[in-house]
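Trainee: Please work from the sequences and hints to get the whole structure.
Keeping their order, the protein sequence lines are chains V and A.
The opening position of the first sequence corresponds to residue 1 in our numbering, with each subsequent residue numbered one higher.
The opening position of the second sequence corresponds to residue 1 in our numbering, with each subsequent residue numbered one higher.
Just so you know, the hints here were simulated from the structure itself, not pulled from any lab data.
You may find that some hints are simply not true.
Chain V stretches covered by chain A per the calculated footprint, using a threshold of three residues with CB under 8 Å from any CB of chain A [claimed, not checked]: (1) 39-50; (2) 78-90; (3) 264-273; (4) 596-602.
Where is the CB? At the ideal position from N, CA and C, for every residue including glycine.
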Amino acid sequence: MKKTRICARGLWVAGVLVAFSITGAIGLCQIEPSGRKAGLIQFDVISDLNMDWGGYTSAVRFARYWVCQDYYAVAVVWSEPHGRDVQDKKTMVVLSDREGFRIKYELDADWHPLNTTYPKPVGERPAFRWGGGAYGGDEMRFAEAAAVSRRVYVSDLEPPKSKKRDAGGVTDVDVPRAPDGITRKLAHLKVQTKDDRIESMDLFDNQRRPLGRMRYEYQPDGKVPRIATLVADLPVRREKLAVDANVVVIPRHAGAPEQKETYRVPDVNHVSHTGGRTAIVTYSDVPVGDKVLRLPVKVEVRRSDDKRLVRSARLMNFRRVDLDKEGVWKAAKAFASLGDEYWTFRRLNAKYIDFQPTLGPLRVDPNDLAFVQKLIAKYPLPEVIQPPGGYRSGARPQVTRPRRMEVEPDDARLIRQLEAYYMRTLSTPLTEEQRAEMKKGTIFRSGGRLSASERPVAELRSKLRMILVYHHVPVLPEDRPPEMDPNDARVIHELQAHYEKLVTQSDRGLPGQLKALHVLTRLDLMLKDYDAFERHTGRYLQMLQDAGLGGMYMTGGYGNIQNLAERRQYDKANKLMRQWADRSAGANDADGVYRFCGSDLGGNGDPWAAVQLLDRFLKRPGLSPVQRYEGLALRAISLDKIDKLLADPETAYDESRKVQAGWVLSGTTKAQVAKLVEPAVRQAVSAWEALGPARLSEAKPYSTNDMAGMQQNLMGAPDATRLQETSARLDRIVSQRFGQKGTTPRPGETKRPAPSR
Amino acid sequence: MKRRRTWIVRAALLAMVICVLLCLGMGAVKTPEREIPPAMRRPMNARTAEERVTMRLPVQARVSMADVSLNVREVDDFLLTPALLVQEAVSDGVVLTYPEE
Numbered sequence: 001m002k003k004t005r006i007c008a009r010g011l012w013v014a015g016v017l018v019a020f021s022i023t024g025a026i027g028l029c030q031i032e033p034s035g036r037k038a039g040l041i042q043f044d045v046i047s048d049l050n051m052d053w054g055g056y057t058s059a060v061r062f063a064r065y066w067v068c069q070d071y072y073a074v075a076v077v078w079s080e081p082h083g084r085d086v087q088d089k090k091t092m093v094v095l096s097d098r099e100g101f102r103i104k105y106e107l108d109a110d111w112h113p114l115n116t117t118y119p120k121p122v123g124e125r126p127a128f129r130w131g132g133g134a135y136g137g138d139e140m141r142f143a144e145a146a147a148v149s150r151r152v153y154v155s156d157l158e159p160p161k162s163k164k165r166d167a168g169g170v171t172d173v174d175v176p177r178a179p180d181g182i183t184r185k186l187a188h189l190k191v192q193t194k195d196d197r198i199e200s201m202d203l204f205d206n207q208r209r210p211l212g213r214m215r216y217e218y219q220p221d222g223k224v225p226r227i228a229t230l231v232a233d234l235p236v237r238r239e240k241l242a243v244d245a246n247v248v249v250i251p252r253h254a255g256a257p258e259q260k261e262t263y264r265v266p267d268v269n270h271v272s273h274t275g276g277r278t279a280i281v282t283y284s285d286v287p288v289g290d291k292v293l294r295l296p297v298k299v300e301v302r303r304s305d306d307k308r309l310v311r312s313a314r315l316m317n318f319r320r321v322d323l324d325k326e327g328v329w330k331a332a333k334a335f336a337s338l339g340d341e342y343w344t345f346r347r348l349n350a351k352y353i354d355f356q357p358t359l360g361p362l363r364v365d366p367n368d369l370a371f372v373q374k375l376i377a378k379y380p381l382p383e384v385i386q387p388p389g390g391y392r393s394g395a396r397p398q399v400t401r402p403r404r405m406e407v408e409p410d411d412a413r414l415i416r417q418l419e420a421y422y423m424r425t426l427s428t429p430l431t432e433e434q435r436a437e438m439k440k441g442t443i444f445r446s447g448g449r450l451s452a453s454e455r456p457v458a459e460l461r462s463k464l465r466m467i468l469v470y471h472h473v474p475v476l477p478e479d480r481p482p483e484m485d486p487n488d489a490r491v492i493h494e495l496q497a498h499y500e501k502l503v504t505q506s507d508r509g510l511p512g513q514l515k516a517l518h519v520l521t522r523l524d525l526m527l528k529d530y531d532a533f534e535r536h537t538g539r540y541l542q543m544l545q546d547a548g549l550g551g552m553y554m555t556g557g558y559g560n561i562q563n564l565a566e567r568r569q570y571d572k573a574n575k576l577m578r579q580w581a582d583r584s585a586g587a588n589d590a591d592g593v594y595r596f597c598g599s600d601l602g603g604n605g606d607p608w609a610a611v612q613l614l615d616r617f618l619k620r621p622g623l624s625p626v627q628r629y630e631g632l633a634l635r636a637i638s639l640d641k642i643d644k645l646l647a648d649p650e651t652a653y654d655e656s657r658k659v660q661a662g663w664v665l666s667g668t669t670k671a672q673v674a675k676l677v678e679p680a681v682r683q684a685v686s687a688w689e690a691l692g693p694a695r696l697s698e699a700k701p702y703s704t705n706d707m708a709g710m711q712q713n714l715m716g717a718p719d720a721t722r723l724q725e726t727s728a729r730l731d732r733i734v735s736q737r738f739g740q741k742g743t744t745p746r747p748g749e750t751k752r753p754a755p756s757r
Numbered sequence: 001m002k003r004r005r006t007w008i009v010r011a012a013l014l015a016m017v018i019c020v021l022l023c024l025g026m027g028a029v030k031t032p033e034r035e036i037p038p039a040m041r042r043p044m045n046a047r048t049a050e051e052r053v054t055m056r057l058p059v060q061a062r063v064s065m066a067d068v069s070l071n072v073r074e075v076d077d078f079l080l081t082p083a084l085l086v087q088e089a090v091s092d093g094v095v096l097t098y099p100e101e
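Mentor: Right, dumping it as structure tokens:
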């Protein structure tokens, strides 16, 4: 019954599209810009993606597309940096036609949502249920459905005589509703036309809420108007965050019996696309087979409010292909497939590079809490001591900072084992009852998920974790990857020969060559052949530079420098860093450089790299006062971080920080770094003061990063911008170094106190 | 029975006190002095416990966590944009527009 209904809907969609097409072709074939049927076309796309978050701030995705009027397919062949992406999309293949949305993901072939076909219509996008950077790629089908539901057909504008047209040439159009269950989000249009060409078009939904504004620019030459640019202004979008569930509140009082209270809570209203988006699509004449087609060749999406580039795509290598739909699906899968050699490489990579140590069986009773507490007591941890009379007394709590100790290797192993054991205990699988309630959409909120018996375990785990973080923990023999197996060495040499050939094959295009270079650099690391690694990195960077991928040069190149530093190849790392910093500073704008410098996987995680990059970037002429201030502030923050790391080796509690300190000291001294910090902070503060009114608005020291969500929501405090967060970080350094309190400006303040000179 | 309060009520009251102090002390909110921010006021005026919980839940949520994923969604969905743009250009009777992502 259901299938019959789906088929009937499918036929309806097909019927409607055919009707629209025929009407368009007969009645309004002159209106521009509109499509022309052109058969199946294959092309490649390089998408450059910018992100404002702690992860990779720049990612590049390489994909091949097959598109015709009835269906399209996409195959993601590679992504950077180093095979990663914002979400790892490589090997993903999609084919969408009128019947369904087919998706396949070789990297995780057992995960059903990414290896199935979703029948059409796919329905409305559900309330958003993701957080922290996660997103189910299968939900792309809703983006397609939304795009199709607001498509404009030539027939929507027909017949023009029946529409109201005002003196300014603007026509109001009520878009016909689609019959029986076919959703059309588009309900109303305001179209400005001139000489059979659309100048602009405003799209509205059935409540007259704007969906977007399209503006068109045409080639000035020629008799037939040819679209040159489409500029789409897209508004901030309403979103629902998924809650729609029963919330169970369990009152908690000592000795009181448990009594649940259940409340039904709807979804939460929210927005996405903050700041709005402006998408600019450039069209060009492209020879495809024996025809010349007008096709999109470049897409740029910017935030509408501050004009920052958030992503772009270059479309290229258009050609006509002669395949049927199943042929396209096969071609797409073959194109995206990693190949047997890559899977062999992944196995070796997991064994020698991304090695996970096995600590062996736990040799003590984890339920012997007295023993565990004694172990914890051996390594004192910082404690917060409240003043007599509590916080009401006005006195500040005291924090004890015991001496950092060297953890004995046997203790280190035991602490790690116990911590992992308690972690597993606390994340036990759900009971059948809990599963049943989850299926009903019930959320438990009981003042923390932990039961009374679990809380002491959680406390022990937390203390064990703190010991590992606070004290000096030795590297155990188990932490080292295994010695190279002769058989593996032979396989590695075979892989090297295979991928060396691929690097030189231009028919594989840039993504094929980058993939081959990535494998080669990892094989070099396995063999500890750092000369070869340096050589391959040089080729990798040259390819990125030649392709005009400046953001990826910075992000991906830094990853390779870090690989060398981690292996204490400081000379090679420093040599590469000089080249990397010079070219990254030249190839990126202020937004790109500062995003990288503030990211945990970039300059925030490695202040030394940030300083090198900023030293060069700040020499660039033409920076605005705000851009100059932000760069100087980030430089001061990075230098302060390095200075603290070097001045107090006790803070070098983990291996990566020790590596960082060793690397810095391979090129300079503690004293030299210390000399740089205060002048850098003063310079940044002076630049801030010189901003005039912007110093208390655009560059106001203000942070929401450290604010609890509830506190921010209750106060209705707006999210701090990147620049404001940077100012707040600088402010804290000024307080620490110059002993000034409360430098965050208050409403009545006009000037932030300057550091003492 | 009256003395029993849920942990949510106590946590919210404590948070409100802290927030009021912060608001008045730091001047971080542009509401008139001594006025309680609407997000705090609304749950206080709720008629039923259910309504109160409903109002508090969004207040407690850290929406910036969802914002990061919404950004990722935009980037992920951008994978389809070139296909949809070219499909419009090679389909009869379709006006060229920009799709959603």
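Trainee: Hint by hint, note whether the structure agrees.
Mentor: Tested hints:
By the rule of at least three residues with a Cβ nearer than 8 Å to a Cβ of chain A, the coverage given for the stretch 39-50 of chain V holds, with 6 such residues. Under a criterion of three residues with beta carbons nearer than 8 Å to beta carbons of chain A, the stated coverage of the stretch 78-90 of chain V is upheld, 3 such residues being counted. Only when three residues or more bring their CB closer than 8 Å to a CB of chain A does the claim for the stretch 264-273 of chain V stand; here the count is 8, and the claim holds. Check on the stretch 596-602 of chain V: 0 of its residues sit with their Cβ under 8 Å from a Cβ of chain A, so the three-residue criterion for coverage is violated.
In summary, the one numbered hint that this structure violates is 4.
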